[in-house]
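Could you slot chain L onto chain F? The hints should help.
Protein chains in written order, with the numbering used here: chain F, 1 to 430; chain L, 431 to 754.
Derived by calculation from the structure, the hints in this document are not laboratory data. Check each hint, because a few of them may be wrong.
[To be verified] Here are some of the chain L residues that sit facing chain F, going by a computed Cβ distance under 8 Å: (1) T502; (2) L626; (3) G642.
[To be verified] Simulated restraints on C-beta separations: (4) R300/F <-> G676/L: 40 to 48 Å; (5) Q224/F <-> S449/L: 52 to 60 Å; (6) G642/L <-> G189/F: 15 to 23 Å; (7) Q162/F <-> Q670/L: 41 to 49 Å; (8) H645/L <-> E142/F: 17 to 25 Å.
Keep in mind that this is a model prediction, so the values were computed, not measured. Where is the CB? At the ideal position from N, CA and C, for every residue including glycine.
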Amino acid sequence: MTRPLLIENARILDPASGTDARGAVLVANGKIEDIALSGPVGVPEDAEVIDAQGLVLAPGLVDMRVFTGEPGKEYRETLQSAGEAAAAGGVTSFVMMPDTTPVVDDGALVDFLIRRAGATSKVNILPAGAITKGLEGREITEFGLLREAGAVCLTDGRRSIQSSALLRTAMSYAANFGLPFVHHLSDTGLTGDGVMNEGLFATILGLKGIPREAETVPLARDLQLAALTGVDYHAAQISCAAAVDILAAAKKRNRKVTAGVSINNLALNENDIGRYRTFFKLATPLRSEDDRQAVIEGLRSGVIDTIHSDHDPQDTEVKRQPFAEASDGAIGLETLLAATLRLHHSGDVDLMTLLRALTQRPAEILGLPSGRIARGAPADLILVDLDYPWQVSERDLRSRSRNTSFENARLAGKVMRTIVGGETVHLHTD
Amino acid sequence: MAQAPASTTSSSGDFPPFSQRHLLSIADLKQHEIIDLLDRAERMVPVSRQERKSHPTLSGKTQINLFFEPSTRTQGSFEIAGKRLGALVMNMSVKTSSVTKGETLVDTATTLNAMRPDVIVVRHSAAGAVELLSQKVGCAVVNAGDGAHEHPTQALLDALTIRNHKGRISGLTVAICGDIANSRVVRSNLLLLGALNVRTRVIAPRNLLPAGIEHLATEVFTDMREGLKDADVVMMLRLQHERANGRMIPSIREYYRFYGLDAEKLSHARPDAIVMHPGPMNRGVEIDPAIADGPASVITDQVEMGVAVRMAVLDALLPARTAP
Numbered sequence: 001m002t003r004p005l006l007i008e009n010a011r012i013l014d015p016a017s018g019t020d021a022r023g024a025v026l027v028a029n030g031k032i033e034d035i036a037l038s039g040p041v042g043v044p045e046d047a048e049v050i051d052a053q054g055l056v057l058a059p060g061l062v063d064m065r066v067f068t069g070e071p072g073k074e075y076r077e078t079l080q081s082a083g084e085a086a087a088a089g090g091v092t093s094f095v096m097m098p099d100t101t102p103v104v105d106d107g108a109l110v111d112f113l114i115r116r117a118g119a120t121s122k123v124n125i126l127p128a129g130a131i132t133k134g135l136e137g138r139e140i141t142e143f144g145l146l147r148e149a150g151a152v153c154l155t156d157g158r159r160s161i162q163s164s165a166l167l168r169t170a171m172s173y174a175a176n177f178g179l180p181f182v183h184h185l186s187d188t189g190l191t192g193d194g195v196m197n198e199g200l201f202a203t204i205l206g207l208k209g210i211p212r213e214a215e216t217v218p219l220a221r222d223l224q225l226a227a228l229t230g231v232d233y234h235a236a237q238i239s240c241a242a243a244v245d246i247l248a249a250a251k252k253r254n255r256k257v258t259a260g261v262s263i264n265n266l267a268l269n270e271n272d273i274g275r276y277r278t279f280f281k282l283a284t285p286l287r288s289e290d291d292r293q294a295v296i297e298g299l300r301s302g303v304i305d306t307i308h309s310d311h312d313p314q315d316t317e318v319k320r321q322p323f324a325e326a327s328d329g330a331i332g333l334e335t336l337l338a339a340t341l342r343l344h345h346s347g348d349v350d351l352m353t354l355l356r357a358l359t360q361r362p363a364e365i366l367g368l369p370s371g372r373i374a375r376g377a378p379a380d381l382i383l384v385d386l387d388y389p390w391q392v393s394e395r396d397l398r399s400r401s402r403n404t405s406f407e408n409a410r411l412a413g414k415v416m417r418t419i420v421g422g423e424t425v426h427l428h429t430d
Numbered sequence: 431m432a433q434a435p436a437s438t439t440s441s442s443g444d445f446p447p448f449s450q451r452h453l454l455s456i457a458d459l460k461q462h463e464i465i466d467l468l469d470r471a472e473r474m475v476p477v478s479r480q481e482r483k484s485h486p487t488l489s490g491k492t493q494i495n496l497f498f499e500p501s502t503r504t505q506g507s508f509e510i511a512g513k514r515l516g517a518l519v520m521n522m523s524v525k526t527s528s529v530t531k532g533e534t535l536v537d538t539a540t541t542l543n544a545m546r547p548d549v550i551v552v553r554h555s556a557a558g559a560v561e562l563l564s565q566k567v568g569c570a571v572v573n574a575g576d577g578a579h580e581h582p583t584q585a586l587l588d589a590l591t592i593r594n595h596k597g598r599i600s601g602l603t604v605a606i607c608g609d610i611a612n613s614r615v616v617r618s619n620l621l622l623l624g625a626l627n628v629r630t631r632v633i634a635p636r637n638l639l640p641a642g643i644e645h646l647a648t649e650v651f652t653d654m655r656e657g658l659k660d661a662d663v664v665m666m667l668r669l670q671h672e673r674a675n676g677r678m679i680p681s682i683r684e685y686y687r688f689y690g691l692d693a694e695k696l697s698h699a700r701p702d703a704i705v706m707h708p709g710p711m712n713r714g715v716e717i718d719p720a721i722a723d724g725p726a727s728v729i730t731d732q733v734e735m736g737v738a739v740r741m742a743v744l745d746a747l748l749p750a751r752t753a754p
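One chain only, chain F, in its complex shape (with noise of 0.2 Å):
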């Protein structure tokens, strides 16, 4: 049994309570114990007490976007990598896609998933479930089974499913078990080859276009059958202001409706992609400034409630190619948090806000008891430095692929500490 911890002299910054106010926090046996925001709290003799002075204490980031390379592609990132960024990134516990080889799409790969993460991994791994078998978009797998193995939510991953009537039924049957069902949007027809955003900037480059309404029509046919079967729906990550506000009607009328936008769409747009820079090639495409700024209006007024990584490790065999021949995918687990914040130091969204979608809400949405400083929830907490200015070179990355969209970037706050379940797994030093 480790030691009980006291955390004095913190700024607690907790979106669930709406706390911000100096403190301290005793953590033991894994749990936080008490919250003391005035007068003294009970310390036990063999306590190990950290000074945080300066530093923010928050709740450890939930990541609901990570893709792995394990099972399959170990070369591209493990369980343990992965672990190791997540946890110099302060996040604490991450979705883990399925779009793995062999796509985890049965219990009990979903069993041996969290065993292995659990001997590996410094942080909290929680296995999605494939939405359909091998994530071929045709047969649906057994959810039950999934749900009992542990998956905190069925998707399936960077594919979209395109038959409106296997997706009624899948998202009726995931309402039977009440797993949240997390899909990303894409009209593979609309998509077509398309490589980067639709517009002059592409047109000028000479590639093919994404148009928006390779996302907002699939969104709008998801929102109906959301409201048909009453599924808890999650829509995985949106990149437009089209997407915006067809979101904010649906979830007017649908409690059950929540949504997700990925750091790169809130921080980088389709300039950044300058000449054919294939680490700015994602799924999701970035798309124009005016919908960068709609994405953080968004999430300023709630119709987006969650900010992830969207994590995807690839290999420079995959990136050093022709734009439109290269892989989609950027890492992003170390550099979530100081990215969000440039949106807090521009003055765009408030802190609270940032960190309630990167902590209380995916954590709700996922039905998890962390993302909150609370007596009694798990001791996954962080101390952050908001101010801290580094740059970020792939040299120092904890990835095993080096794929990160903001190389050379300049990003102010820097994780000091994270603590998981009372364990210390991240101490930063100079």
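Here is chain L on its own, set in the frame of chain F:
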């Protein structure tokens, strides 16, 4: 033009050193660089009209033509250009697709670079591929067409043809008609002609017009007669047969009816309008054979200017490699 003894003076002698390392796109060129290349090309035209078609300023240099997409005329044009300049020219045709690729583009670039060429001429089906390759080699790189991005020597040879026939470029109205969305020729031409103050028009059915084209061309038309009205130059584009299969265009006969250049449609352009085509032509698809072979057509002139432009480009790029 008087015939200078070609082998004794370098044509580049009167020109200041060319400032670019590669020719990847028209977008990289400033107006004075475009005019400089056209002037250099003008000087190369007589070389190919001589008895002895030799102007060996590139003697001792190695040129590799690396074509990932089959091309008869462009590859042949670059080969003749290099050989008339005295370079050792090697042709490499690589059959590749993203599905069945073995060696990656970057590997190919590294391998060729080790053979120490002085210039690599590249055509590839993917936009940006030539630029990617240029980052991995130590020699000059010429873009001979990358996907739907650019085809800079085509735009230069088109401009030279126009200048020779019209005596000027600036102030003209040039109408480009056909598959605008998928054409690298259009992008390079719009950039080049735009830089030379040409009134540019694009004409195509709406589904062959790419997003944002109104920012790249002066005017956009979907009706061919309106678009051709008072044009000085009519540039026709090749329609890929596979687009006329009902997925983009219902049929060739419908396309020809509305967007094929025939005498009646051409009558809306200026009486002295010239007709151009980058080739290879689909007679009866985008152009009436009578027009293609008629008095307004300058299509074979384009081919001749192509050699001159490519000689000028190779000649301009290679000395720059020895500059500090």
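Item to check | Hints violated by the structure (listed by number, smallest first) | outcome: 1, 2, 7, 8
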